[in-house]
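Trainee: Based on the provided sequences and hints, a complete structural model is requested.
Heads up: the protein sequence lines correspond to chains A and B, in order.
Using my numbering, read the first sequence as starting at 1 and increasing by one per residue.
Using my numbering, read the second sequence as starting at 1 and increasing by one per residue.
Certain hints may be false.
[Stated by the list, open to error] DMTMM-like mimics (lysine to aspartate or glutamate), calculated; alpha carbons at most 20 Å apart, straight line: (1) B:K276 <-> A:E45; (2) A:K191 <-> B:D148; (3) A:K313 <-> A:E290; (4) A:K194 <-> B:D148; (5) A:K29 <-> A:D51; (6) B:K252 <-> B:D338; (7) A:K417 <-> A:E350; (8) B:K276 <-> A:D227; (9) A:K194 <-> B:E321; (10) A:K189 <-> A:E68; (11) B:K125 <-> B:D275; (12) B:K93 <-> B:E114; (13) A:K305 <-> A:E145; (14) B:K214 <-> B:E163; (15) A:K240 <-> A:E290; (16) A:K29 <-> B:D48; (17) A:K221 <-> B:E250; (18) B:K120 <-> B:D48; (19) A:K38 <-> B:D123; (20) A:K194 <-> B:D275; (21) A:K305 <-> A:E276; (22) A:K189 <-> B:D172; (23) A:K29 <-> B:D341; (24) A:K189 <-> B:E342; (25) A:K194 <-> B:E182; (26) A:K191 <-> B:D341; (27) B:K7 <-> B:E114; (28) B:K214 <-> B:D123; (29) A:K191 <-> B:E182; (30) A:K189 <-> B:D148; (31) A:K38 <-> B:D225; (32) A:K38 <-> B:E80; (33) A:K191 <-> B:D275; (34) B:K349 <-> B:E80; (35) B:K252 <-> A:D256; (36) A:K38 <-> B:D341; (37) B:K276 <-> B:E260; (38) A:K191 <-> B:E313; (39) A:K90 <-> B:E342.
Rather than coming from a laboratory, the hints here were simulated on the basis of the structure.
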Amino acid sequence: MWRFCNTVNNFSMDKKCAQLWQRLSAALKPQISADSFKRWFSTVELLEAKDKSITLTVPNNIYQLWIESNYMPALQNAIVVTFGGPRLVKFSAPSLAGVQTSVEDAALVKEASPAPQVEARPAATVPGLNPRNTFESFVVGPNNEIAHAASLAVAQAPARTYNPLFVYGGVGLGKTHLMQAIGQFVWAKRKNMKVLYVSSELFINEFIDAIQHSNLVKFRKRYRQPDLLLIDDIQFLGGKERSQEEFFHTFNTLFDGHKQIVLSSDRPASEISNLEHRLVSRFEWGLTAELQPPDIETRLAILRKKANAMQIKLHEDVFQFLATRIRTNVRRLEGALMRVASFASLSGRELTNETVEHLLKDILQEEGRQSITIEQIQRRVAEHFDVRLADMTSKRRPASIAFPRQVAMYLARELTKASLNEIGDAFGGRDHGTVLHACKLVKKRIAEQDNIRQTISYIDSSLQR
Amino acid sequence: MKFSVAKEKLLEALQQVQNVVSTRTTLPILSNVLLQANEAELHLTTTDLDVGVRGTCEAHVDKAGATTLPARRVFNIIRELPSSEIQIDVDGKNAASIRSGQSFFKILGLPEDEFPPLPKFEDAKVVTMRQKELRDGLRKTSYAISTDETRYVLNGVLFSFKENKVTLVATDGRRLAMAEIELEFPRSHESDLIIPTKAVTELQRLLTDDGDVKVSMSNGQIAFDLNKTLLVSKLIEGNYPNYRQVIPGEAKERVKLEREMFLNSLRRVSLLASDKSHSVKLNFSKNNLDITANTPEVGEAKESLAVPYKGREFSIAFNPEFLMAPLRALTEDEVFLDLIDEMSPGVLKIQTPFLYVLMPMRISS
Numbered sequence: 001m002w003r004f005c006n007t008v009n010n011f012s013m014d015k016k017c018a019q020l021w022q023r024l025s026a027a028l029k030p031q032i033s034a035d036s037f038k039r040w041f042s043t044v045e046l047l048e049a050k051d052k053s054i055t056l057t058v059p060n061n062i063y064q065l066w067i068e069s070n071y072m073p074a075l076q077n078a079i080v081v082t083f084g085g086p087r088l089v090k091f092s093a094p095s096l097a098g099v100q101t102s103v104e105d106a107a108l109v110k111e112a113s114p115a116p117q118v119e120a121r122p123a124a125t126v127p128g129l130n131p132r133n134t135f136e137s138f139v140v141g142p143n144n145e146i147a148h149a150a151s152l153a154v155a156q157a158p159a160r161t162y163n164p165l166f167v168y169g170g171v172g173l174g175k176t177h178l179m180q181a182i183g184q185f186v187w188a189k190r191k192n193m194k195v196l197y198v199s200s201e202l203f204i205n206e207f208i209d210a211i212q213h214s215n216l217v218k219f220r221k222r223y224r225q226p227d228l229l230l231i232d233d234i235q236f237l238g239g240k241e242r243s244q245e246e247f248f249h250t251f252n253t254l255f256d257g258h259k260q261i262v263l264s265s266d267r268p269a270s271e272i273s274n275l276e277h278r279l280v281s282r283f284e285w286g287l288t289a290e291l292q293p294p295d296i297e298t299r300l301a302i303l304r305k306k307a308n309a310m311q312i313k314l315h316e317d318v319f320q321f322l323a324t325r326i327r328t329n330v331r332r333l334e335g336a337l338m339r340v341a342s343f344a345s346l347s348g349r350e351l352t353n354e355t356v357e358h359l360l361k362d363i364l365q366e367e368g369r370q371s372i373t374i375e376q377i378q379r380r381v382a383e384h385f386d387v388r389l390a391d392m393t394s395k396r397r398p399a400s401i402a403f404p405r406q407v408a409m410y411l412a413r414e415l416t417k418a419s420l421n422e423i424g425d426a427f428g429g430r431d432h433g434t435v436l437h438a439c440k441l442v443k444k445r446i447a448e449q450d451n452i453r454q455t456i457s458y459i460d461s462s463l464q465r
Numbered sequence: 001m002k003f004s005v006a007k008e009k010l011l012e013a014l015q016q017v018q019n020v021v022s023t024r025t026t027l028p029i030l031s032n033v034l035l036q037a038n039e040a041e042l043h044l045t046t047t048d049l050d051v052g053v054r055g056t057c058e059a060h061v062d063k064a065g066a067t068t069l070p071a072r073r074v075f076n077i078i079r080e081l082p083s084s085e086i087q088i089d090v091d092g093k094n095a096a097s098i099r100s101g102q103s104f105f106k107i108l109g110l111p112e113d114e115f116p117p118l119p120k121f122e123d124a125k126v127v128t129m130r131q132k133e134l135r136d137g138l139r140k141t142s143y144a145i146s147t148d149e150t151r152y153v154l155n156g157v158l159f160s161f162k163e164n165k166v167t168l169v170a171t172d173g174r175r176l177a178m179a180e181i182e183l184e185f186p187r188s189h190e191s192d193l194i195i196p197t198k199a200v201t202e203l204q205r206l207l208t209d210d211g212d213v214k215v216s217m218s219n220g221q222i223a224f225d226l227n228k229t230l231l232v233s234k235l236i237e238g239n240y241p242n243y244r245q246v247i248p249g250e251a252k253e254r255v256k257l258e259r260e261m262f263l264n265s266l267r268r269v270s271l272l273a274s275d276k277s278h279s280v281k282l283n284f285s286k287n288n289l290d291i292t293a294n295t296p297e298v299g300e301a302k303e304s305l306a307v308p309y310k311g312r313e314f315s316i317a318f319n320p321e322f323l324m325a326p327l328r329a330l331t332e333d334e335v336f337l338d339l340i341d342e343m344s345p346g347v348l349k350i351q352t353p354f355l356y357v358l359m360p361m362r363i364s365s
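Mentor: If you want it as structure tokens, here you go:
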């Protein structure tokens with residue numbers, strides 16, 4: 001609790017803040033010249049210190065400009081020493097119009113002056129970035145605050161904080177949103193910085209293409225020149241040796257050139273299958289941040305923020321319903337909100353829990369799906385076809401055993417997130433090709449034979465319950 | 001409307017107004033130049049809604065009138081016309097027939113009443129400056145303007161009218177350039193205005209070294225009347241940071257340098273400044289200055305200059321481009337570099353009121 005302080009009244013530092021400021025100053029002084037400290041920090045005070053940010057009061061806006069442009073690395077070092085970790089630095093002064101760059105204080109500026117920010121500058125954006133993915137539209141909660149703070153730090157001082165930044169998390173939890181927010185922020189702030197955002201799939205495809213057309217020079221130029229390289233879904237590099245080799249060199253060139261690299265993945269680097277160890281260690285070099293599913297408060301905050309932004313008015317109960325039933329995937333949560341909102345506005349009908357449940361039947365089913373394991377599927381299928389559980393993993397080929405096994409593989413593919421390799425492993429170390437074949441076969445049979453379709457549908461719904 | 005005009009005169013006027021036209025505009029009328037012919041003159045106006053320029057050229061006007069035509073295209077046509085006499089005839093539907101020698105062009109335009117008018121300057125505060133002084137002042141400061149669009153107040157030059165002096169300031173947070181122009185004006189005209197980068201750039205192109213420029217300020221707009229040409233621009237709304245805070249106090253060492261020699265040495269040495277560090281090191285010792293740069297795995301460069309220096313030996317590093325920019329803009333033979341220590345900014349000065357504050361870079365061990 002000693003880390004926190006607040007103002008008692010508007011213009012004086014309370015005792016805790018004063019003490020913290022003393023420590024911060026002491027850590028800062030040795031890093032910059034005595035003259036600079038006297039000029040820029042002797043009239044600065046610590047207004048408040050929260051767990052994610054600190055606010056400094058300055059006499060006027062030149063201080064914010066000069067400190068932000070020249071003393072941030074030294075200040076952040078002092079902050080880490082004093083607070084144990086980085087903090088977002090905010091400034092407070094009588095007039096901040098125009099010099100304000102802190103994203104969270106954008107609202108303050110709009111109140112303070114008739115800011116031309118209202119005349120939206122048609123900022124050209126980096127290709128591939130969705131303009132809606134910004135820091136402002138990202139809802140921060142305990143599930144993602146570290147990833148968020150790290151991303152913000154990287155955006156504010158590329159290549160000077162965490163390099164590389166490795167963000168991982170499940171589907172729909174904000175990896176792409178954060179990465180693109182970094183890209184947008186840097187792009188807007190520093191016109192001379194080259195920003196490149198791609199999915200690793202694009203990287204791989206362009207690499208293959210470059211080899212085929214003997215165009216490696218151009219390819220390397222594209223990927224080794226940016227000042228900020230953002231690669232989404234880096235897990236797809238797994239198993240692709242040559243692409244990994246190329247990426248290894250790309251990574252080294254950028255890293256040695258003090259360029260910022262940001263990567264996202266659906267799992268930690270060490271869990272990406274068939275990824276060269278030297279890449280794993282490089283990905284883990286900087287900071288790894290996890291994006292976890294949001295807790296209920298955060299889910300509610302997300303829903304409210306989105307509803308606000310789209311000027312949707314729904315009863316609080318609806319928000320509660322959605323936040324309670326959709327727990328694991330923010331994208332799914334937002335999609336559900338949109339569906340409910342459109343239904344409400346189009347039909348004009350009252351929304352009861354039942355109507356919403358019915359409206360979102362498939363989404364809610366998807367949610368349920370998360371918890372189905374391959375083993376559960378194997379059990380149910382074995383039970384239904386009256387074969388032994390062991391037959392699922394055995395090498396026996398008679399159709400009476402092989403077919404149920406194939407059905408189980410098909411259902412595993414449909415109902416879980418497991419990869420072909422993982423499914424193959426779960427069925428007695430089978431090849432992924434075998435699993436793929438099984439799925440194709442079962443699909444064909446479903447299309448051809450009604451009774452097969454019914455059987456599988458029956459097993460499916462019994463698993464979902 | 002119908003008029004004839006000399007090619008060179010029309011071309012010159014078109015050149016003056018071309019740059020303001022935005023290449024990526026959503027409103028088609030903004031890609032056009034407004035042509036107004038009356039008496040013995042042709043006025044050409046272009047605008048991008050923030051900055052507008054109006055040029056004038058002599059013409060023989062048979063029939064007065066006005067229209068707007070695609071600026072870029074008309075410019076390209078006029079430039080290629082064979083003869084020095086051009087006749088332009090515009091019908092009621094804004095189709096312009098351009099004749100010169102054996103060439104004939106017909107260009108479709110848009111009506112003049114669709115063209116956004118340049119703002120009026122009623123109740124404006126007016127001052128008159130020498131063009132040369134304004135041009136010098138802008139040249140000495142405009143390179144330091146910030147390009148960071150999130151700090152919009154810095155995307156221009158501050159004109160501070162105070163106590164019979166106009167102070168021009170430009171900064172991007174890492175360096176600050178300040179120049180002064182002596183000028184008499186009444187106290188009622190004292191104000192601080194921020195002129196956006198685009199207007200500054202255009203102004204620098206249009207200003208000459210002769211004559212006066214009449215500056216009118218009113219309602220968030222400013223106009224520069226250079227007799228035959230008029231430039232109008234919106235002002236940036238906001239409070240420019242208190243730049244005086246940036247200017248260091250007493251210098252510990254003051255070094256006199258020969259500007260051109262210093263600039264040339266910097267230019268050569270900076271060829272070996274690496275892409276990653278962007279820095280050159282200045283090492284001062286008794287009557288000597290060593291300028292060095294190096295790029296790991298590539299090589300290094302060093303030049304020594306004889307300079308009158310009797311202070312303690314010390315080194316300071318700067319971004320070479322940030323150090324060369326003011327040196328290029330100045331014309332004086334000698335400049336002074338005021339220094340305090342390796343972590344404090346350096347200040348470049350000359351005999352007349354001007355200064356350039358530049359933050360140093362960390363010297364890597």
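Trainee: Each hint should be assessed against the structure and marked as holding or not.
Mentor: Structure-based check of each hint:
1. B:K276 <-> A:E45: Roughly 34 Å between the alpha carbons, so the hint for K276 (chain B) and E45 (chain A) is violated.
2. A:K191 <-> B:D148: The given pair, whose Cα atoms are some 7 Å apart, holds under the 20 Å limit.
3. A:K313 <-> A:E290: Violated, at roughly 33 Å.
4. A:K194 <-> B:D148: Roughly 14 Å separates the two Cα atoms, so the pair holds.
5. A:K29 <-> A:D51: violated, 23 Å
6. B:K252 <-> B:D338: holds, 7 Å
7. A:K417 <-> A:E350: Violated, at about 36 Å.
8. B:K276 <-> A:D227: Status holds; Cα separation ~10 Å.
9. A:K194 <-> B:E321: The given pair, whose Cα atoms are some 19 Å apart, holds under the 20 Å limit.
10. A:K189 <-> A:E68: holds, 12 Å
11. B:K125 <-> B:D275: Given that 20 Å is the threshold and the Cα spacing comes to 48 Å, the pair is violated.
12. B:K93 <-> B:E114: holds, 13 Å
13. A:K305 <-> A:E145: Distance ~17 Å between K305 (chain A) and E145 (chain A) Cα, so the pair holds.
14. B:K214 <-> B:E163: Holds, at about 19 Å.
15. A:K240 <-> A:E290: Judged against 20 Å, a Cα distance of about 24 Å means the pair is violated.
16. A:K29 <-> B:D48: violated, 48 Å
17. A:K221 <-> B:E250: Judged against 20 Å, a Cα distance of about 48 Å means the pair is violated.
18. B:K120 <-> B:D48: holds, 16 Å
19. A:K38 <-> B:D123: violated, 45 Å
20. A:K194 <-> B:D275: holds, 14 Å
21. A:K305 <-> A:E276: violated, 41 Å
22. A:K189 <-> B:D172: holds, 12 Å
23. A:K29 <-> B:D341: holds, 15 Å
24. A:K189 <-> B:E342: Judged against 20 Å, a Cα distance of about 28 Å means the pair is violated.
25. A:K194 <-> B:E182: Judged against 20 Å, a Cα distance of about 42 Å means the pair is violated.
26. A:K191 <-> B:D341: violated, 31 Å
27. B:K7 <-> B:E114: Status violated; Cα separation ~27 Å.
28. B:K214 <-> B:D123: holds, 15 Å
29. A:K191 <-> B:E182: Violated - the C-alpha atoms of E182 (chain B) and K191 (chain A) are around 35 Å apart, more than 20 Å.
30. A:K189 <-> B:D148: Distance ~5 Å between K189 (chain A) and D148 (chain B) Cα, so the pair holds.
31. A:K38 <-> B:D225: Cα-Cα ~45 Å, so violated.
32. A:K38 <-> B:E80: Distance ~63 Å between K38 (chain A) and E80 (chain B) Cα, so the pair is violated.
33. A:K191 <-> B:D275: holds, 17 Å
34. B:K349 <-> B:E80: Violated. K349 (chain B) to E80 (chain B) sits at ~47 Å, over the 20 Å cutoff.
35. B:K252 <-> A:D256: Distance of about 37 Å is beyond 20 Å: violated.
36. A:K38 <-> B:D341: holds, 14 Å
37. B:K276 <-> B:E260: violated, 27 Å
38. A:K191 <-> B:E313: Violated, because 38 Å separates the two Cα atoms, which is more than 20 Å.
39. A:K90 <-> B:E342: Violated - the C-alpha atoms of E342 (chain B) and K90 (chain A) are around 28 Å apart, more than 20 Å.
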